[in-house]
Amino acid sequence: MSLNAEKFREDFPIFKRKINNRPLAFLDSASTSQKPQQVIDAIKDYYEQHNANPHRSIYTLCDEATQIYEKAREKVAKFINAKSDKEIIFVRNTNEAMNILAYSYAMENLKEGDEILLTIMEHHANIVPWQMLQKRGVKLKFVDINDDGTLNLNQLNEMITKNTKIVSVTHKSNVLGTVNNVKEIGRIAHDNESIFIVDGAQAVPNMPVDVKDLDCDFLAFSGHKMLGPMNIGVLYGKSDILEKMEPFMRGSDMIKEVQLTETVWNDLPWKFEAGTPNVEGAVGLSAAIDYLSKVGLSEIQKHEEELSVYAMEKLNEIKGFKPVFNGTLKNGVISFNMVGTHSHDVAYILDEFAVAIRSGHMCCQPLMRRLGMQSIARASFYLYNTKEEIDTLAEGLEKVNQVFKV
Amino acid sequence: MNSEIYRETILEHYANPVNAGDIPDADATARDFNPSCGDVVEIQAKFSDGIVKDIKFRGEGCAISQSSVDILLGIVKNKTIAEVENFTTEDFLEILGIELSPLRLKCALLGLNTLKTAVHTYLTRV
Ligand SMILES: Cc1ncc(COP(=O)(O)O)c(C=O)c1O
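Chains as they are written, first to last, in our numbering: chain A, 321 to 726; chain B, 15 to 140.
Bear in mind the hints are in silico, worked out from the structure with no lab data behind them.
Be a bit skeptical, because a hint or two may be false.
[Claimed, not checked] Straight line, CA to CA, 25 Å or less: simulated DMTMM-like cross-link-like pairs of lysine to aspartate or glutamate:
#, chain 1, residue 1, chain 2, residue 2
1, A, K338, B, E22
2, B, K120, A, D348
3, A, K725, B, E22
4, B, K120, A, E368
5, A, K719, B, E26
[As the list claims (entries may be wrong)] Here are a few chain B residues that face chain A, going by a calculated C-beta distance under 7 Å:
#, residue
6, N16
7, T23
8, F47
9, C51
10, G73
11, E74
12, C76
13, A77
[What the hints assert, rightly or not] Among the chain B residues that face chain A by a calculated CB cut under 7 Å, a handful are:
#, residue
14, S17
15, Y20
16, G52
Glycine residues also receive a C-beta, built at the ideal position from the N, C-alpha and C atoms.
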C-alpha cells in the first residue's frame, strides 16, 4: 500500500471505539467522513482562545476571529485553485449551495421555455431545487447513463439546445462511483453559452479538483465529507457571475448601508453570508484541508482505487454478491446487493461486525428507478480504511447469507 | 444489535407472505413510506358490519418491515374496527417479541401506521 492508512487511523479518536466488542470498520465515508484530532483540536482552540463575532467590532478577539474566518476562506480558495477568495462563499452544505443557485441565479435569470440539463445520476440535492423552476415553465432534462455506469455523453450533446441555460452535473456519483468528465461537459456547456455547475460533494474529498482547470462557473461541496465538521460547506462561483447575482438570504452582515426601505449589498463574498457565520465550521474545514493536503489528494485517490480492486476480488467470491456495475468500480464506492436479502438487513447484520455501510435509496431515487432497484447497499472507502476492514466486510456478508439461508 | 431479530417466523413471513395481494373492491387504501430508507407498504381493506372482512398488502423493503406487516394483517383480520383502533404499538411489539433499535422500530411499525391510516380513512368516509 502506498499510503499508510494504519498510521492515519491513529489521528482519528473514533477508531478507538469498539462496537459490539469489535474495532469499528467505517465504510460509509461517502455519507460523512470521520474527523481527525487536528480538526477537533482546531475547533476547541478557537473556542478556548479566540471566540468572538467576526466583522463586528475592533477589539482583539474580534480581530482574531475575523482573521481566522477569512484565512479559512483563503485556504479553501487555494485548495480548489480559485482566482480569489472573494469567490468562496461559506454555506451549510451542498444542498444549501444548490438552493442559492436555484433562487439567486435560476429564479432571476430563467424564463418560460428555458431548459436545465441534469443527469439521471444526480443526488436529490441537484434535482429538487431545480424542480421549483418548473412552475414558471422551465423544463428539466436528464441525460442517461450507459450500461457500464458512465454518463452518456453523446446523449448530452444531443439534448443540449439553445434553450439550455444551465447544465448541472455531479463530478462523481455517490452511488456508481463514476467520475464524470466534467471538463469536457463544461466545454460543451460553454460552447452552448450555458452556465455550468458542478456538484463536487463526492469529488472534492477524494481527488484533486481545480476550478480553473475545470472552468466551471460554480462548484458546490460539503465540509463534513472531507474530514471537516458538519454544517460548513462551500459554494465557489466565478466572481463576475456572483457580482451580478442577488443575495439569497437577507439581513445583517451582508449589507453596506441600510435605509428604512432600501439597502446596499455588501461586497463579495459577504453579500451571500447573512448573519453570524459558522466560524467554528470554517476553522474545522481549514484544519481538514491542511490534513488532506498533507496526505495528498492523489495519494488518497490511489489508495481508494487499491482498496476497491481488493474489495471486488474478495467480495466477488461471496455467493449472492451482486455489484451494481462490475468492472468500473475503482473509485472507492462499491454499491451492491445481496441476492435474497434487502440492503437494510445486510447493513443491520454487518453492524454486528462493527462494519458501517450505507443502505437504502442513497438520496438518488431517480437513479434507483433507472437501475430498477428499490434499495442498494454501499461500502465506501477513505484514507483511513484498510484491507482488514474489507476482510471483515466479507466475513459479515457470509453471515448475511447464513441468516437468510442463501 | 444482533441478528437474533431474524427469527424463523420473521424470515418465513418475509419469504412467503400470507397476506400479500390486492383487494379490487377495497373500502380503504393507505400507503406509507419510510423516507430514510424508501421502504413502502400499501394496505387495502374491506369492512362490513364494523369488522375487517379482508385485508391485504403490497410492499417493498427489508425483512422486518415486510414480515411485520404480514404478521399484523393476520392479527387484525376478522377483528372489529374498535379492536383495531385499540390495538397499540406496545401490543404489537409484544407479539413480535424481538428487541429493536430505534431505527429498526420504524421498520417494524411502518405497517401498523399504515393500517391506522387505512382505518381512519374508512371511518372519516362512512
Ligand atoms: C453527490 C452528492 N451531492 C450532494 C450531496 C449532499 O450533501 P449535503 O447533505 O452535505 O448537502 C451528497 C451527499 O450525500 C452527494 O453525495
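Taking 7 Å as the limit, does the beta-carbon of C51 of chain B come near enough to a beta-carbon in chain A? Holds. Min distance 4 Å.
Restraint outcome when T23 of chain B is required to lie within 7 Å of chain A by C-beta distance: Since the shortest Cβ distance to chain A is 14 Å, the answer is violated.
A closest beta-carbon separation below 7 Å is what the hint needs, so does S17 of chain B meet it against chain A? For S17 of chain B, the interface hint holds, since the closest Cβ of chain A sits about 5 Å away, which is under 7 Å.
For the hint on G73 of chain B, just tell me whether its beta-carbon gets within less than 7 Å of chain A. Hint violated; G73 of chain B Cβ to chain A Cβ min 10 Å, cut 7 Å.
Could you check if A77 of chain B really has its C-beta closer than 7 Å to a C-beta on chain A? This interface hint holds because 5 Å falls under the 7 Å limit.
Sort out whether E368 of chain A lies within 25 Å of K120 of chain B, counting only the CA atoms. Roughly 40 Å between the alpha carbons, so the hint for K120 of chain B and E368 of chain A is violated.
Return the status of the interface hint for E74 of chain B: holds when the least beta-carbon distance to chain A is below 7 Å, violated otherwise. At about 5 Å, which falls below the 7 Å cut-off, the nearest Cβ of chain A leaves the hint on E74 of chain B intact, so it holds.
K725 of chain A paired with E22 of chain B [C-alpha distance capped at 25 Å]: Given that 25 Å is the threshold and the Cα spacing comes to 11 Å, the pair holds.
Just to be careful, I want the Cα atoms of K338 of chain A and E22 of chain B compared with a cutoff of 25 Å; is the pair within it? Violated, at about 29 Å.
Agreement of hint F47 of chain B with chain A interface, Cβ distance less than 7 Å: Violated - the Cβ of F47 of chain B stays beyond 7 Å from chain A, reaching only about 10 Å at its closest.
Return the status of the interface hint for N16 of chain B: holds when the least beta-carbon distance to chain A is below 7 Å, violated otherwise. 5 Å, holds
Take the C-alpha atoms of K120 of chain B and D348 of chain A, compute the straight-line distance between them, and say whether it is at most 25 Å. Holds. K120 of chain B to D348 of chain A sits at ~21 Å (cutoff 25 Å).
When each numbered hint is compared with the structure, violations occur for hints 1, 4, 7, 8, 10.
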